[in-house]
Structures are given as C-alpha cells and as structure tokens.
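Visitor: All chains should be built: construct the whole structure from the sequences, respecting the hints.
The listed protein sequences correspond, in order, to chains A and B. If you read the first sequence in my numbering, its first letter stands for residue 1, the second for the next number, and so on. If you read the second sequence in my numbering, its first letter stands for residue 116, the second for the next number, and so on.
The hints are simulated quantities; they were obtained by calculation from the structure and are not laboratory data. Yeah, the Cβ is synthetic: ideal placement off N, Cα and C, and Gly gets one too. Some hints here could point you the wrong way.
[What the hints assert, rightly or not] For the chain A half of the interface with chain B, some residues (derived, Cβ under 7 Å), not all of them: (1) Phe90; (2) Asn102; (3) Thr107.
[Claimed, not checked] Taking CB as the label site, the calculated pair distances span: (4) A/Asp54 / B/Arg199: 43 to 49 Å; (5) B/Val211 / A/Ile60: 16 to 22 Å; (6) B/Pro176 / A/Glu64: 35 to 41 Å; (7) B/Lys130 / A/Asp54: 48 to 54 Å.
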Amino acid sequence: AQSVSQHNHHVILSEAASLELGCNYSYGGTVNLFWYVQYPGQHLQLLLKYFSGDPLVKGIKGFEAEFIKSKFSFNLRKPSVQWSDTAEYFCAVNGEETGANNLFFGTGTRLTVIP
Amino acid sequence: GAGVSQTPSNKVTEKGKYVELRCDPISGHTALYWYRQSLGQGPEFLIYFQGTGAADDSGLPNDRFFAVRPEGSVSTLKIQRTERGDSAVYLCASSVSGENTGELFFGEGSRLTVL
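Guide: In structure tokens form, the structure reads like this:
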C-alpha cells in the first residue's frame with residue numbers, strides 16, 4: 001500500500017546531540033516532500049520542503065533534510081538539538097500519485113530533548 | 116487574527132448527535148483543507164476546497180461526513196449521527212492556492228470527543 005513511514009515513534013536526546021529522523025515513502029513518480037513540526041500546544045507548521053533541485057534542503061531553526069530518490073527517503077537532520085526542539089515531527093508527501101492538492105502524512109515522531 | 120481559526124477548540128457530544136466544526140482560513144487563501152488526526156496518528160486527509168467547491172472529497176470516511184464552504188471563505192465540517200470512532204482532532208488548513216504550493220497553514224484543531 002502507498003504510505004509514508006516514520007520508523008522512530010519517540011526519540012529522546014540530550015541537548016547538543018545530533019538528530020536524524022527517518023522518513024520513507026512508497027509513492028511512485030514525481031513527489032514533493034515536507035517536514036512539519038508541532039510544538040507542544042501549538043499548531044502544525046512547515047519546517048522545510050523539497051520540490052526539485054538540490055536534494056539537500058535547509059529549513060528553519062537549523063534543520064535540513066536530504067532527498068535520496070533511490071532510497072525513497074527524506075530524512076530530517078539537525079547537528080545539535082536544543083531543548084526548544086522538543087516537538088512532534090511529521091513527514092508528508094504529495095505528487096503525481098497522491099494528487100498535488102493532498103498531503104499524506106506519516107504517523108509522526110515525538111522528539112524529547114533533555115536539558 | 117492572522118492565522119487559521121477553528122471553533123470550537125473542544126467539543127464533547129453523545130453518540131448519535133450532530134456536530135458542526137467551523138474553520139476560518141487566512142484571508143485571501145483560496146484553498147481550504149480538512150484533516151482528521153486520531154491519537155498516535157498523523158493527519159489524515161478528508162476534503163479539499165478550491166473556492167466554494169469541493170475539489171476532492173475522497174477522504175471523507177462515509178456519508179455521515181459533509182463539508183461546505185458557501186462563500187469561499189469560512190468552512191463548516193458537519194458530522195451526523197456521531198460515533199465513538201469519530202473522536203479525533205479535526206484540523207483545518209488553508210493555502211494561497213491549491214496548485215502545489217507546498218505550504219499549508221494549519222489551525223489548532225477542534226478536538227471532538229464522542230461519548
């Protein structure tokens with residue numbers, strides 16, 4: 001079945017540790033890829049997105065993600081996390097197979113950063 | 116306000132009752148989306164409006180769910196004969212247009228609890 005998979009359900013890190021959250025998708029054709037973040041008590045907001053071009057995308061707050069087409073992956077990274085990065089992170093996809101007007105989300109990864 | 120506004124923020128109802136959830140998108144955004152987020156899951160697409168018309172309602176789970184956007188701005192999601200399984204956070208999002216813009220602006224959601 002077509003899906004977006006986030007393998008890590010809950011990640012706990014200490015401040016200054018490096019972060020990598022996995023995202024794999026199973027849609028064919030052209031895809032657009034997104035990471036959204038939901039801080040405690042707040043609404044979902046866009047962290048970064050990939051449409052085309054350089055597969056290494058930089059977003060807000062020092063986050064980046066790399067699109068690896070051969071692996072159907074779009075992993076999120078940050079070299080040094082802060083306590084304020086504690087949030088839930090969602091990978092999302094749209095494109096040829098899903099329709100451009102529809103985002104399909106993964107189940108999310110909860111990140112807890114310990115001061 | 117500047118963001119997407121959803122009311123009510125919380126709704127508790129009894130099984131079998133009728134519920135309406137309202138979304139006021141960002142001014143000037145022509146595209147409006149409804150998503151549903153169950154506990155431990157990512158947002159699940161329900162319906163997408165471009166202007167006043169429902170351009171894609173393929174995510175509505177059954178005919179108890181209906182949404183309108185009569186003037187191309189505010190939208191109402193209507194759920195008839197609610198069931199316990201309808202309990203979830205209902206998210207509304209808007210974007211400048213539906214044409215693959217990539218960024219959806221989400222509201223804080225309406226949490227529906229069906230007893």
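Visitor: Compare the structure with each hint and give your call.
Guide: Results of checking the hints against the structure:
1. Phe90: With a closest approach of 5 Å, the A/Phe90 hint holds.
2. Asn102: 5 Å, holds
3. Thr107: Given a least distance of 5 Å, the restraint on A/Thr107 holds.
4. A/Asp54 / B/Arg199: 43 to 49 Å: 47 Å, holds
5. B/Val211 / A/Ile60: 16 to 22 Å: 19 Å, holds
6. B/Pro176 / A/Glu64: 35 to 41 Å: Holds, at about 36 Å.
7. B/Lys130 / A/Asp54: 48 to 54 Å: 52 Å, holds
No hint from the list above goes unmet by this structure.
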